[in-house]
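Chains H and L, in that order, give the protein sequences. Counting in my numbering, the first sequence runs from 18 upward without gaps. Counting in my numbering, the second sequence runs from 11 upward without gaps.
Hints were generated in silico from the structure; no laboratory data involved. Computed from a predicted structure; not experimentally measured. Watch out, some of these pointers could steer you wrong.
As the list claims (entries may be wrong) - Just a few of them, taken from the derived set where beta-carbon distance is under 8 Å, the chain L residues facing chain H:
#1 40
#2 129
#3 200
#4 227
#5 236
#6 245
#7 257
#8 407
To be verified - Some chain H residues close to chain L (C-beta under 10 Å, calculated; not the full set):
#9 91
#10 102
#11 109
#12 113
#13 136
#14 139
#15 144
#16 232
#17 296
#18 300
Ideal Cβ placement from N, Cα and C applies to all residues, glycine included.
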Amino acid sequence: MSTNTAYYIPHKATWPVIGTAGLVTMLAGFANYLNGSSIGPALMVVGLLIFITMLVGWFTLQATESETGMYNHEVGISYRHGMMWFIFSEIVFFAVFFGTLWYTRNLSVPWLGGGATKELLWPAFDATWPTNGPGKVGGDFEPMGAWGLPFLNTLILLTSGVTCTWAHHGLLAKNRDQLIKGLIATVALGFLFVSFQAFEYHEAYTEMGLTLGSGVYGSTFFMLTGFHGFHVCVGAIILSVVLFRSVRGHFKPENHFAFEAAAWYWHFVDVVWLGLFIFVYLL
Amino acid sequence: MSAVVDEHDHHADDHHDHGPAKGLLRWVITTNHKDIGTLYLLFALAMFFVGGAMAMVIRAELFEPGLQFVDPAFFNSMTTMHALVMVFGAVMPAFVGLANWQIPLMIGAADMALPRMNNMSFWMLVAGVLLLASTLFMEGGAPNGGWTLYPPLVLQPITVGKALPFAIFSVHLLGISSIMGAINIIATIFNMRAPSMKLMDMPLFVWTWLITAFLLIAVMPVFAGAVTMLLTDKFFHTSFFNAAGGGDPVLYEHIFWFFGHPEVYIMILPTFGVASTIIPVFARKPLFGYASMVWATGSIAFLSFIVWAHHMFTVGLPLAGELYFMYATMIIAVPTGVKVFNWTATMWKGAMTFETPMLFSIAFVVLFTMGGFTGLMMSIAPSDFQYHDTYFIVAHFHYTLVPASVFILMAAGYFWLPKWTGNMYNEKIGQLHFWISVVSVNVLFFPQHFLGLAGMPRRIPDYAVQFADWNMISSIGGFIFGISQLLFLYIVIDTIRGGTGEKVSDEVWEDAAKHSLEWTLPTPLPYHTWTTPPSVVPTEHVLDSH
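Start from the sequences and build out the full structure, keeping to the hints where you can.
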């Protein structure tokens, strides 16, 4: 429990402007790289290093303040609002790509393969899913099945949700051993998931002819699973930090916002995967 | 929440008042809601003049038929950048600036709920606008495919140049900035209100911003997703908007306007909030229909999500789609009508005086309503086939943005600057600014209705001679409007530096403290306010709902 009854308001902040500088340097570098400028990659690395420095510095500061009891109950509520609406914005971001998949499968592909479009433009086009379009963009490919690695990955991620909750129970019951073991399992399962996905991508590119350029199927497949995979990485890194802090003796049963936020994020990533498994792989 | 604690002093101490840090660094690392509000407002004012200068280039080129001053690609860059700068650099940040200043003052909070993130929101905005502005100096120039960035046009080599990835990453940064700002506002309003202030006691400005914040969180990621797909279509061989690969360029339009329509309400809802704050003070009456105002705002926000394809009536929607989006759009007139009725009823039999903020607010009610009526005309799908992509559209949305959002931002400046600075602005120059603005803005935009109905298309640097007369009149109005805004700049600077020198009372405006909390604080405002929340909140503004 915090020792203060007052709402903590910091009077200066140096990390935000440093983080912004890092991010804009990284993005300017990326844009230069896309334009074929040789300075691009170097800028990206510099920007990334500044950004990582910011993350380490800012989160260390927050953890220290939290552990020294500077946050009261209301500060915790503000943080929870922050995390909750951040996750909501992420859900919307994924919804755009799910919506794109829905629109493509149910509207644009049938339109391309029917009526005057079929008659006049592409009589040979058979509008079935999966497709790389009437132009066969990216050449022949084999679609990704659901019951091999993807199903295994579903089980892995669902299990990691359980271990995460088990760790939380450990934290609440003041069982530090269970907390740490649960977190180790969760992080390990997270990285296992990412490794399997990397293996799956490798198979797709080398064996199945399936790439990001494989028409609209390849586009939606890699964009949805790719952004999700990135979020799993971020979630696993966040949980690693929580694990590190748990080993250091941080968190109390009545005060562990960082753990909660990480767990919320992890469950969000979990739910998105279920959506992916159903709409990208299964149907 | 009983009090506030700061970094140096961990005791809750109600009278302990830290001033700002010394030097310029104060503005870089500040977490104070007033400092950050000032940064937002000054940045928005600067961008208002940058975007305004671009508009002057546009009106100069259109003064006469033929190509006079700029080449067509640069002209198209100007229309694109004018829109992006005004929307993302001027109007939105200005309202975030007002939110930063006013929301904590109005709800009795010591500061925003997440002060460090507040600082980051501002700097992300600056970074995003810098990234966008940098394209002006690049080979191939700034983006010139229109602010909507429609594919396939915007993906063509001739329209892209080097600018596209910079513009896209700029959108990402601006999106992050807006989402962080919105989250902060939501957390502040829900978590930092004075304990005695119920949701239905909140001033309408706070209500409209709460609803706007939800709109922002719900649609900025949509825009980010859309431009991300543009990026991968251009650079990573995806086919989202490429029919040959099974995609569809119309999908981009759907996604863009699913963002874009709520986006225009993001710019107008806080406008409604400020108008609902100012009009009752100068009518010396409580706001008429407080509860109905709250519900109308919520209804407009909800409707904004289900009307997007009225921007796309000519794209080839199925008939059922045309009909649905037509009727759904018309429904927006109902809650909007409620609002206009309430403002009018607030003034009815009021003891009105006409200081500059009130003049701008009344002009807003009249001229925004006109913009609303042309909107209603365009909602009729078969009629819109005639208006689509003409100057009629340009006239419509400028009426809802310039004599509405921008006028209300001016009104807010005149209304609150005396409270913030402790100095009174020069009323004579303020009124002069108002009268020149209100006349010239109509000379500028009203003829564009005629041009549009006669068939003059948007976004072209040259036109048939039949459009010459009204274009010249519109340009003359534009130049006068543009130059007269320097009066506002003068007044802002003059007021900050001492204004008329007259002593400003705590209330500033007669009986203002009955309406809202900020007027019960000392003038000029101390650096920290409401370190202990107020025990009583004014309820004049909500009289109707109790």
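Hints and how they fare:
With a least beta-carbon distance of about 7 Å to chain H, the hint placing residue 40 of chain L at the interface is held under the 8 Å criterion. For residue 129 of chain L, the suggested interface contact is upheld, since its CB lies about 4 Å from the closest CB of chain H, less than 8 Å. Contact between residue 200 of chain L and chain H, as hinted, is supported at the beta carbon level, the nearest pair being about 6 Å apart and thus within 8 Å. A distance limit of 8 Å between C-beta atoms decides the matter here; for residue 227 of chain L the minimum to chain H is near 5 Å, and the interface restraint holds.
The restraint placing residue 236 of chain L at the interface with chain H holds, with a minimum CB-CB distance near 7 Å, inside the 8 Å limit. A least Cβ separation of about 5 Å between residue 245 of chain L and chain H falls short of the 8 Å threshold, and the interface hint therefore holds. This hint holds: residue 257 of chain L has a C-beta 5 Å from the nearest C-beta of chain H, less than the 8 Å allowed. Look at residue 407 of chain L: its Cβ only gets to about 24 Å from chain H, farther than 8 Å, so that hint breaks.
Against a cut-off of 10 Å between C-beta atoms, the interface hint on residue 91 of chain H holds, since the closest Cβ of chain L lies about 5 Å away. Given the 10 Å rule on beta carbons, the hint for residue 102 of chain H holds: about 5 Å separates it from the nearest Cβ of chain L. The criterion of a C-beta within 10 Å of any C-beta in chain L is met by residue 109 of chain H, whose closest approach is roughly 4 Å, and the hint holds. For residue 113 of chain H, the shortest C-beta to C-beta distance to chain L is roughly 3 Å, which falls under 10 Å, so the interface hint holds.
The criterion of a C-beta within 10 Å of any C-beta in chain L is not met by residue 136 of chain H, whose closest approach is roughly 15 Å, and the hint is violated. Hint status for residue 139 of chain H relative to chain L: holds, with the closest Cβ pair at about 9 Å, below 10 Å. A distance limit of 10 Å between C-beta atoms decides the matter here; for residue 144 of chain H the minimum to chain L is near 9 Å, and the interface restraint holds. Hint on residue 232 of chain H holds. Least Cβ distance to chain L is approximately 4 Å, under the 10 Å limit.
Interface restraint check: residue 296 of chain H against chain L, minimum CB-CB distance 16 Å, threshold 10 Å, status violated. The restraint placing residue 300 of chain H at the interface with chain L is violated, with a minimum CB-CB distance near 16 Å, outside the 10 Å limit.
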